[in-house]
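Which chain is which? The protein sequence lines are D and X, in order. When we follow our numbering, the leftmost residue of the first sequence carries the number 1, and every step to the right adds one. When we follow our numbering, the leftmost residue of the second sequence carries the number 114, and every step to the right adds one.
Some hints could be false.
Over 12 Å on every C-beta distance to chain X, these chain D residues come out as not near it, computed from the model [said to hold, decoys possible]:
#1 Q17
#2 T20
#3 Q37
#4 P70
#5 E101
Restricting the straight-line Cα-Cα distance to at most 16 Å, the calculated cross-link-like pairs of lysine to aspartate or glutamate (EDC-like) are [stated by the list, open to error]:
#6 K151(X) - E101(D)
#7 K9(D) - D199(X)
#8 K9(D) - E75(D)
#9 K116(X) - D135(X)
#10 K151(X) - D199(X)
#11 K151(X) - E75(D)
#12 K151(X) - D1(D)
Bear in mind the hints are in silico, worked out from the structure with no lab data behind them. Backbone N, C-alpha and C fix where the C-beta goes; we use that ideal spot for every residue, glycine too.
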Amino acid sequence: DSGVTQTPKHLITATGQRVTLRCSPRSGDLSVYWYQQSLDQGLQFLIQYYNGEERAKGNILERFSAQQFPDLHSELNLSSLELGDSALYFCASSVRYGTGELFFGEGSRLTVL
Amino acid sequence: AQKVTQAQTEISVVEKEDVTLDCVYETRDTTYYLFWYKQPPSGELVFLIRRNSFDEQNEISGRYSWNFQKSTSSFNFTITASQVVDSAVYFCALSTLGGATNKLIFGTGTLLAVQP
Numbered sequence: 001d002s003g004v005t006q007t008p009k010h011l012i013t014a015t016g017q018r019v020t021l022r023c024s025p026r027s028g029d030l031s032v033y034w035y036q037q038s039l040d041q042g043l044q045f046l047i048q049y050y051n052g053e054e055r056a057k058g059n060i061l062e063r064f065s066a067q068q069f070p071d072l073h074s075e076l077n078l079s080s081l082e083l084g085d086s087a088l089y090f091c092a093s094s095v096r097y098g099t100g101e102l103f104f105g106e107g108s109r110l111t112v113l
Numbered sequence: 114a115q116k117v118t119q120a121q122t123e124i125s126v127v128e129k130e131d132v133t134l135d136c137v138y139e140t141r142d143t144t145y146y147l148f149w150y151k152q153p154p155s156g157e158l159v160f161l162i163r164r165n166s167f168d169e170q171n172e173i174s175g176r177y178s179w180n181f182q183k184s185t186s187s188f189n190f191t192i193t194a195s196q197v198v199d200s201a202v203y204f205c206a207l208s209t210l211g212g213a214t215n216k217l218i219f220g221t222g223t224l225l226a227v228q229p
C-alpha cells in the first residue's frame, strides 16, 4: 500500500461526458502528479501540483483540467470524453520535488464507450 | 531532451532463470535520478529503486540487482533465479532537477513473463 488513494477504481461512461477523478496523496506529501497510461502512448505525464499550485504541465489535453485543494487532495477533470481517452489514470505523490521517488496510487481505469 | 529507452518489449523465461532488463537513458543534466518500477497484473505501480547520478555503485536487494553505468547511459536490472511472482511489466524512469519539477519520464516498459 503506497498510501496514495484514488477514486473511483473503475469508471465506465459515454462519449461526450465529463468525469472527475480524485486523488488523496500520502500524508505529508505536497506534490501530486497525474499520469495517463494507455496501450499506444504508454505512461504519459499530464500535470503536477505542488502545495496547491501548478508546477509542471505535460501532455495534457485542453479538455482535461486539474486542481489541488488546500487539504492537498487533487482532482483531474476530463470533459467531452472521446473513445481515445480510455486509459488508466494514475495519481502519484512525493514529499517534495527534487528528491526522487513518486508513490503511485492504484489508478482509476476509465472506459469510454 | 530527456528520454528513456527500454528496447526489450517482452521477455519470457522459465522459473529459476536469471534475466536482465535493459534501460538506456538520455539527458544533458548532470544531476538526475533513475528509477525502476514494477507493474504487476493487478495494475499498480510499485517503486523498486532510485539511484542518483553521482552514485554508480551497483546495488543488490535479495534476488534483484541493478547495474548503473554512466559511460553507457545504462541502468540495467537483473533478477536472479526468477519466480512466477516476478511476472509483471517493469518500467525504467528518469527524473532530472531541471526546472521546478521532478516528474518522471518513463520508458515503454518490458513485459516479463516467468513460466513455471
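Going down the list of hints, with the structure as the test:
Even its closest Cβ contact with chain X, about 23 Å, leaves Q17(D) beyond 12 Å, as expected for a residue assigned away from the interface. The Cβ of T20(D) sits about 20 Å from the closest Cβ of chain X, beyond the 12 Å cut-off, so the non-interface label holds. Not every CB of chain X lies more than 12 Å from the CB of Q37(D), the least distance being 9 Å, so the non-interface label is violated. At roughly 20 Å from the closest C-beta of chain X, the C-beta of P70(D) stays outside 12 Å, upholding its exclusion from the interface.
Against chain X, the non-interface label of E101(D) is violated: not every CB pair exceeds 12 Å, the least being about 5 Å. This hinted pair checks out: K151(X) and E101(D) have alpha carbons roughly 13 Å apart, not beyond 16 Å. Of the pairs offered as hints, the one joining K9(D) and D199(X) is violated, with about 24 Å between alpha carbons and a cut-off of 16 Å exceeded. As the CA atoms of K9(D) and E75(D) are separated by approximately 14 Å, the hinted pair is consistent with the 16 Å bound.
Using a Cα cut-off of 16 Å, the hinted pair K116(X) and D135(X) holds, with the two alpha carbons roughly 14 Å apart. Distance hint between K151(X) and D199(X) is fulfilled; the C-alpha atoms sit about 9 Å from each other, no more than 16 Å. Restraint check for K151(X) and E75(D): the C-alpha separation of about 25 Å exceeds 16 Å, so the hint is violated. Pair hint K151(X) plus D1(D) holds up; C-alpha atoms about 14 Å apart against a cutoff of 16 Å.
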